[in-house]
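Engineer: Sequence:
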Amino acid sequence: PAATAPAARPAPVRSPEIHADGTVTFRLRAPTATLVKMWGDWDGEGNDMTKDADGVWSVTLGSIPPNIYAYSFNIDGLTIADPANGALKPMRSPTSSVLIVPGEPPVPINRVAGVPHGVVHLHDYDSQSLGAARRLRVYTPPGYDAAKRTRYPVLYLLHGSGDNESTWTEFGKAHLILDNLIAAKKAVPMIVVMTDGHARNSTAPEARAQNTSAFAADFLTDVMPLVESSYRIRADRDHRAIVGLSMGGNQSLLIGLNHRDLFAWVGGMSSAIRDPDQPLASFWADPVSKKTPLRLLWLRIGRDDYLLKENRAFDALLTAKNIPHDYAESAGGHIWPVWRSYLADLAPLLFQTPRSAR
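Using my numbering, you'd call the opening residue of the sequence shown number 940 and step up by one each time.
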């Protein structure tokens, strides 16, 4: 019998495609799908895509402001990254692709000619408290290697539940934000430590419930001693800050407020504060300590963030107890463009005289 010719491979689709007029087209080949939507950091509502005769779904969006965004496709209920885009957002389970819209973003995340760059170091370590192999990243500022006797303040910067220790640099561009702020003399040179916030790898509900305490144990008994013995860090509370976003915001508040002997600067971005009473019992017992006063308690949340109610409640609780803090709401939701802007706003305040707190 005559040999059957192999089926022709479909032509690859181009996605995303940024047009000269600033519009962006996203495409996905899914001939058997019945409904495809595209979700991006710039639009919390999602966008329906339409299918052509070749089974390619597409949507063209109006001008998207310059920035770095995450987006994904939802095919009949299944969320996936863009198969045509090799740039994936660093996540525990990668389901988002990266869109870079060129131009001047509102936050200094671009590489700028003439600006000295720091170094991002990757560390593997064995956590004694967890009995597991772990990873963390450390940013050292420009000039660190040359300034052999200089010691630096340290910012411990924590990520959210969907992310890992690489997300703050690979997607959040924390190192470039610090490079640019330091070069502009808006922030003091500092070391930044980015840990893995997932101390329990299981997705079981009981493991998630145990994650915060397990992470705190790893952070206090493994991460801090490792980092502060390996780098020239000013290891006192006035030169330590702990700040995080979402899950990491909750972790930073619990660790920082319960250990004011270690941290004078504490912050939370879009913090996942579910129940502040019991975990912060030691803090509430002596919230305005004369021995270990906070230099800054800094809280931010977007008005479209699904954690807005919880953050407003925490602000109200702090206000009712006359605890000095700096709370503000911004435009935006639970997305990275918002958190980058928060880091750019916060970094210049750290290790300097804070603004008047509420």
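Just so you know, these hints were derived from the structure itself, not from any lab.
Just so you know, not all the hints are guaranteed correct.
Said to hold, decoys possible - Below, in silico cross-link-like pairs of lysine-lysine (DSS-like), each with a Cα-Cα straight-line distance of 25 Å or less: (1) 1260 with 1230; (2) 990 with 976; (3) 1229 with 1248; (4) 1230 with 1248; (5) 1087 with 1125; (6) 1087 with 1124.
Claimed, not checked - Ranges of calculated distance between the beta carbons of each label pair, as one might list FRET restraints: (7) 1001 with 1140: 35 to 45 Å; (8) 1177 with 1072: 26 to 36 Å; (9) 950 with 1061: 37 to 47 Å; (10) 1213 with 1022: 30 to 40 Å; (11) 1058 with 1005: 19 to 29 Å; (12) 1227 with 982: 37 to 47 Å; (13) 1045 with 1248: 25 to 35 Å; (14) 1084 with 1022: 37 to 47 Å; (15) 1052 with 1213: 37 to 47 Å; (16) 987 with 950: 47 to 57 Å; (17) 1248 with 982: 19 to 29 Å.
Note that the structure is predicted; figures quoted are calculated from it, not measured.
Note that CB positions come from ideal geometry on N, CA and C, so glycine has one too.
Engineer: Are the Cα positions of residue 1087 and residue 1125 separated by 25 Å at most?
Structural biologist: This hinted pair holds, its Cα atoms lying about 23 Å apart.
Engineer: Check the following: the C-beta atoms of residue 1058 and residue 1005 are separated by a distance inside 19 to 29 Å.
Structural biologist: For residue 1005 against residue 1058, whose Cβ atoms are near 26 Å apart, the range 19 to 29 Å holds.
Engineer: Would you check the hint for residue 990 and residue 976, treating anything up to 25 Å between C-alpha atoms as holding?
Structural biologist: Holds, at roughly 11 Å.
Engineer: Is it true that the C-beta distance of residue 950 to residue 1061 lies inside 37 to 47 Å, as the hint says?
Structural biologist: Holds, since residue 950 and residue 1061 (Cβ atoms, about 39 Å apart) stay within the stated range.
Engineer: Do residue 1001 and residue 1140 keep their Cβ atoms within the hinted range of 35 to 45 Å?
Structural biologist: holds, 41 Å
Engineer: Holds or violated: the 26 to 36 Å window for the beta-carbon distance between residue 1177 and residue 1072?
Structural biologist: Given range 26 to 36 Å: holds, Cβ gap about 33 Å.
Engineer: Taking 25 Å as the top limit, are the C-alpha atoms of residue 1260 and residue 1230 close enough?
Structural biologist: Roughly 18 Å separates the two Cα atoms, so the pair holds.
Engineer: Using the Cβ atoms, figure out if residue 1084 sits within 37 to 47 Å of residue 1022.
Structural biologist: holds, 41 Å
Engineer: For the pair residue 1045 and residue 1248, does the Cβ-Cβ distance stay inside 25 to 35 Å?
Structural biologist: holds, 26 Å
Engineer: Using the beta carbons of residue 987 and residue 950, state whether their distance is inside 47 to 57 Å or not.
Structural biologist: violated, 24 Å
Engineer: For the pair we were handed, residue 1229 and residue 1248, check the Cα-Cα distance against 25 Å.
Structural biologist: Outside the cut-off at roughly 31 Å; violated.
Engineer: Cβ-Cβ distance between residue 1052 and residue 1213: within 37 to 47 Å?
Structural biologist: Cβ of residue 1052 to Cβ of residue 1213: about 45 Å, so the range 37 to 47 Å holds.
Going through the hint list in order, the structure does not satisfy hints 3, 4, 16.
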